[in-house]
Amino acid sequence: MKTDQIVNLSRRRFVAGSAVSLAGLTLGIIPTVAAEQREAGPGIAGQAPETAGDFSPNAFLRIDGDGIVTVISKHLEMGQGTYTGMATLVAEELDADWEKVRVEGAPADAGRYNNLFWGKAQGTGGSTAIANSWKQMRKAGAAARQMLVQAAAKEWQVEAGEIKVKSGVISHAPSGRQTGFGELAERAAEQPVPESVTLKDPKSFSLIGQRVPRKDSPEKINGQAIFTQDVKLPGMLTAVVLHPPRLGATVSKVDSKSALAVKGVREVIQIPSGVAVVADDFWQAKLGRDALSVSWDESKAFSKSSAQILDDYRQLAEKPGLVARTEGDGAAALASTDDAIEADYSVPFLSHSAMEPMNCVVRIDEAGCEVWNGEQMQTSDQYQIAGLLGLEPHQVHINMLYAGGSFGRRANPAADYLLETVHIAKALKPGTPLKMVWTREDDTHAGYYRPLYLHRMRAALNDQGEPHVWDQRIVGQSILKGTPFESVMVKDGVDMTSVEGAANLPYEIKHIQVDLHSPELPVPVLWWRAVGSTHTAFAVECFIDELAVKAGQDPLAYRRKLLRNHARHLGVLNLAAEKAGWGEPMGRNRGQGIAVHESFNSYVAQVVEVSVRRNVISVDRVVIAVDCGVAVNPDVVVAQMEGGMGFGLSATLLSELTFRQGRVEQSNFTDYRILRIDQMPEVEVHIVASAEAPTGVGEPATPVIAPAVANAVFAATGKRLRQLPLRLG
Amino acid sequence: MLNLSINGKRHALDLDPQTPLLWAIRDHVGLTGTKYSCGIAQCGSCTVYLDGAPVRACITPVSDAVGKQVTTIEGLSSPAGQAVQAAWRELEVVQCGYCQSGQIMSAASLLQRIRKPTDADIDQAMQGNLCRCATYARIRQAIKVAADKLNGVQS
Chain A
590 MKTDQIVNLS RRRFVAGSAV SLAGLTLGII PTVAAEQREA GPGIAGQAPE TAGDFSPNAF
650 LRIDGDGIVT VISKHLEMGQ GTYTGMATLV AEELDADWEK VRVEGAPADA GRYNNLFWGK
710 AQGTGGSTAI ANSWKQMRKA GAAARQMLVQ AAAKEWQVEA GEIKVKSGVI SHAPSGRQTG
770 FGELAERAAE QPVPESVTLK DPKSFSLIGQ RVPRKDSPEK INGQAIFTQD VKLPGMLTAV
830 VLHPPRLGAT VSKVDSKSAL AVKGVREVIQ IPSGVAVVAD DFWQAKLGRD ALSVSWDESK
890 AFSKSSAQIL DDYRQLAEKP GLVARTEGDG AAALASTDDA IEADYSVPFL SHSAMEPMNC
950 VVRIDEAGCE VWNGEQMQTS DQYQIAGLLG LEPHQVHINM LYAGGSFGRR ANPAADYLLE
1010 TVHIAKALKP GTPLKMVWTR EDDTHAGYYR PLYLHRMRAA LNDQGEPHVW DQRIVGQSIL
1070 KGTPFESVMV KDGVDMTSVE GAANLPYEIK HIQVDLHSPE LPVPVLWWRA VGSTHTAFAV
1130 ECFIDELAVK AGQDPLAYRR KLLRNHARHL GVLNLAAEKA GWGEPMGRNR GQGIAVHESF
1190 NSYVAQVVEV SVRRNVISVD RVVIAVDCGV AVNPDVVVAQ MEGGMGFGLS ATLLSELTFR
1250 QGRVEQSNFT DYRILRIDQM PEVEVHIVAS AEAPTGVGEP ATPVIAPAVA NAVFAATGKR
1310 LRQLPLRLG
Chain B
8 MLNLSINGKR HALDLDPQTP LLWAIRDHVG LTGTKYSCGI AQCGSCTVYL DGAPVRACIT
68 PVSDAVGKQV TTIEGLSSPA GQAVQAAWRE LEVVQCGYCQ SGQIMSAASL LQRIRKPTDA
128 DIDQAMQGNL CRCATYARIR QAIKVAADKL NGVQS
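Listed in order, the protein sequences are those of chains A and B. Using the working numbering, the first residue of the first sequence is number 590, and each one after it goes up by one. Using the working numbering, the first residue of the second sequence is number 8, and each one after it goes up by one.
Careful: at least some of the hints might be erroneous.
To be verified - FRET-style restraints, in silico, Cβ to Cβ:
#1 B:Gly37 with A:Glu1254: 35 to 43 angstroms
#2 B:Arg120 with A:Pro802: 23 to 31 angstroms
#3 B:Ser12 with A:Ala850: 30 to 38 angstroms
#4 B:Asp155 with A:Ala850: 51 to 59 angstroms
#5 B:Lys123 with A:Ala1278: 47 to 55 angstroms
#6 B:Thr125 with A:Asp844: 32 to 40 angstroms
#7 B:Gly37 with A:Asp1267: 31 to 39 angstroms
#8 B:Arg120 with A:Asp1267: 15 to 23 angstroms
#9 B:Thr125 with A:Asp928: 51 to 59 angstroms
#10 A:Leu705 with B:Arg120: 49 to 57 angstroms
#11 B:Gly159 with A:Val1205: 34 to 42 angstroms
#12 A:Glu887 with B:Val73: 43 to 51 angstroms
Unchecked claim - Derived contacts from chain B toward chain A, CB cut-off under 7 angstroms, selection only:
#13 Asp34
#14 Gln89
#15 Gln92
#16 Gly104
#17 Tyr105
#18 Cys106
#19 Ala132
#20 Met133
#21 Gln134
#22 Arg139
#23 Cys140
#24 Tyr143
Calculated from the structure, these hints are not laboratory results. Since the model is a prediction, treat every value here as computed from it, not as a measurement. The beta-carbon is built from N, C-alpha and C at its ideal position, and this holds for glycine as well.
When you get a sec, could you build the whole thing from the sequences and use the hints?
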């Protein structure tokens, strides 16, 4: 706490967009920014009317005269519950009435709203929202509470120490006085900002740890929530873009006559990523695109097929790669064994396929560029857009809207769909608002996939059947190479996101080697919910199961032995096994499988039950145990476990994006299949009680399901499936 | 001019009759609760009612809606609809929320037809509605909670 400097920016001249970067809490008055953005459009931060008496103690909350507490979320709400989480942290220390708390998305401003784990960048990803905000948001709430108490003490001429705050009511028992936040908001703003604050003892939490209602639910069930797709601005035009049929193909000739003849079509604009058709509304733009005639130069286009890529990777796996981890004699230890066990595991390219296809709204004028979007990486997007337009990053204003799912797709360092929108908008009359919309087919074809990966696993067992050598060779594209993240997250050529979940193998093994090949391909790749763990957990947790079988030991007992020094792994493993009834007879064509994995500093174990009939795998039941430190909202944690698992189950059973001679073979939900309700298993979630600081919950359930199901299929059928999606027969 | 009745309100739209009802509702009437996601009736995000029966608005020509009552999520007010929305809140079904208008429309329609749906009924009625956040377990449970409430009210 001593290192925190709390500054009330209302006492300085606050310049919108100025970089005020402090280690912890940043106090600042919101109105300057809010007032100028208020006229901008729907869904913006600072939209609520403000009066002079409004209390804005800092950048993260505002208290209006009517007692409404507005929490400003620096993190994107894309389904993971972050708006509710941010509000819970603030409201807990403020002792606010939950019913009177609302949430707004923060404008893009790394100075005030940076992710504390990401240096000076604002962004939401890597399951860090609650973890990095855990103390920051509580301090904001505590500072505001203290200012309200000071104001009350002055007003009532009583000792501040005798004043109590509970559920939005400030009271002084000896004098019998009490009041709400609204009545004191104006006076509180005049109080000195506390230099330090004392956070509550967790024993006295009244909101943290409780199932408080989500703040985004009401407007998401009555159709009122505004996503990018729903933004409508006066004079707005809509663009649909024709992309090349293959990666790397370029436009050789455009005949726009028929497109321009379509009613409502205004312009046809060639941009670096294809040809845009701009019209009064979406359907006209889409008809215009249908009528467009473009010939492509495909001489330099990508021409490989997925099967060929996998073959190339198998060849590459013959040779040593860059070492990500070595213990004992590493790979050399294998040379002295003559009974090595070896297996290849592979996973395909995957599309994020959020229900809201990528889209963006921008307006460019002399003052800069205004963006309406639900996006995960505001700061890097500001830089990208500013770079394209020759602006300063602070001239790019981003209004944070809800995202209809993202799963990493709206966190692209290359800012692909944003720049596409800007390219079109800058060809229009200045000041024209433009909405760019991808169709589902565009979204499936446009790239930035979870990369295809191959894992070559080799191990040798000692006399007790335990592995004494473990060798994992990983082959797949680097997500971070060539991005601004490379300098931080690629070490000695090893992309940390390629080896996470493998290089930190928790099993007790004497000789370990993990190495990596990062072949280059023109296929654009990106993080996809749980990133590296989506493939490393599959390879590791299936292969350890293979070793248990080879040793003739129970897969749970085998893991327990090898995890003897990893209490948190063991905690979730044992909890899931106990709740699931591990080892109970399953009957014919049925089997149980187990897997455990750490990602984003959280620990998840899953026990699944599957049935196999006529080569069709059905997942009947999944029992999940999670250790994520303090569960700020246990029901949101449960929801993320259920949904994260379900997201992973799509990739386990159904989804696969393939190239055939450079063309993506899938286009819509007919052939890029995702889980439907009849395929969703019965699921139960158990949270390990913990006093540790909170860690990630959005991603950690996703990577565990594929190996758990594959292991269960083995138990049911004796067939070891090593390729995703899992297919029998 | 096409004359439409949406949520009990009249709208005269100057549109090509083949324009999908979805885009008429979203871009011309300005009701954005009905969502676009696949465009080919594979995901159910655009589910609306025509004279009370659910249709996928993305493949329904706007001309099909002329002379019929169109109901969107904004106008859902039947007892089944209200019970479903209440259950959705009680069970905190929603995550990103983008598909939920369609889920709720399909669920309310199911309860309109079947008073006490079985799991198989739920599978059949809801398998056309995709949810990438995989909120399916809660959707199933919420439909049952809503059914119980409705039956309680009716009995």
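Hints, one by one, checked against the model:
Here the CB-CB span from Gly37 of chain B to Glu1254 of chain A is close to 38 angstroms, well matched to the stated 35 to 43 angstroms. Separation of Arg120 of chain B from Pro802 of chain A is about 30 angstroms and conforms to the stated range, judged on CB atoms against 23 to 31 angstroms. Distance hint check for Ser12 of chain B and Ala850 of chain A: the Cβ-Cβ separation is about 33 angstroms, which falls inside the suggested range of 30 to 38 angstroms. Between Asp155 of chain B and Ala850 of chain A the beta carbon distance is about 57 angstroms. The supplied range of 51 to 59 angstroms therefore holds.
Taking the beta carbon of each, Lys123 of chain B and Ala1278 of chain A are about 38 angstroms apart, not inside 47 to 55 angstroms as hinted. The beta-carbon spacing between Thr125 of chain B and Asp844 of chain A, approximately 56 angstroms, falls outside the hinted interval of 32 to 40 angstroms. Judged by the Cβ atoms, the range 31 to 39 angstroms given for Gly37 of chain B and Asp1267 of chain A holds: they are separated by roughly 35 angstroms. About 18 angstroms separates the C-beta atoms of Arg120 of chain B and Asp1267 of chain A, a value consistent with the hinted range of 15 to 23 angstroms.
Between Thr125 of chain B and Asp928 of chain A the C-beta distance comes to about 53 angstroms, which sits within the given range of 51 to 59 angstroms. The hint said 49 to 57 angstroms for the Cβ distance between Leu705 of chain A and Arg120 of chain B, and at roughly 51 angstroms that hint holds. As the Cβ distance of Gly159 of chain B to Val1205 of chain A is approximately 38 angstroms, the hint placing it in 34 to 42 angstroms holds. Range check, Glu887 of chain A to Val73 of chain B: Cβ separation about 45 angstroms, and the 43 to 51 angstroms hint holds.
A distance limit of 7 angstroms between C-beta atoms decides the matter here; for Asp34 of chain B the minimum to chain A is near 4 angstroms, and the interface restraint holds. Residue-level restraint check for Gln89 of chain B is violated (minimum Cβ-Cβ distance to chain A is 11 angstroms; threshold 7 angstroms). Nearest Cβ of chain A to the Cβ of Gln92 of chain B: about 5 angstroms, under the 7 angstroms cut. The hint holds. Restraint check, Gly104 of chain B versus chain A: the minimum CB separation of about 3 angstroms is within 7 angstroms; hint holds.
At its closest, the beta carbon of Tyr105 of chain B sits 3 angstroms from a beta carbon of chain A; the interface hint therefore holds under the 7 angstroms criterion. Because the closest C-beta pair between Cys106 of chain B and chain A is about 5 angstroms apart, less than 7 angstroms, the hint holds. Look at Ala132 of chain B: its Cβ only gets to about 9 angstroms from chain A, farther than 7 angstroms, so that hint breaks. Here the hint on Met133 of chain B is kept, as its CB sits about 5 angstroms from the closest CB of chain A, short of 7 angstroms.
Among the interface hints, the one on Gln134 of chain B holds; its C-beta lies about 5 angstroms from the nearest C-beta in chain A, closer than the 7 angstroms criterion. Contact between Arg139 of chain B and chain A, as hinted, is supported at the beta carbon level, the nearest pair being about 5 angstroms apart and thus within 7 angstroms. The criterion of a C-beta within 7 angstroms of any C-beta in chain A is met by Cys140 of chain B, whose closest approach is roughly 5 angstroms, and the hint holds. At about 4 angstroms, the closest approach between the beta carbon of Tyr143 of chain B and any beta carbon in chain A falls short of 7 angstroms, and the interface hint on this residue holds.
The structure is inconsistent with the numbered hints 5, 6, 14, 19, although it conforms to all the rest.
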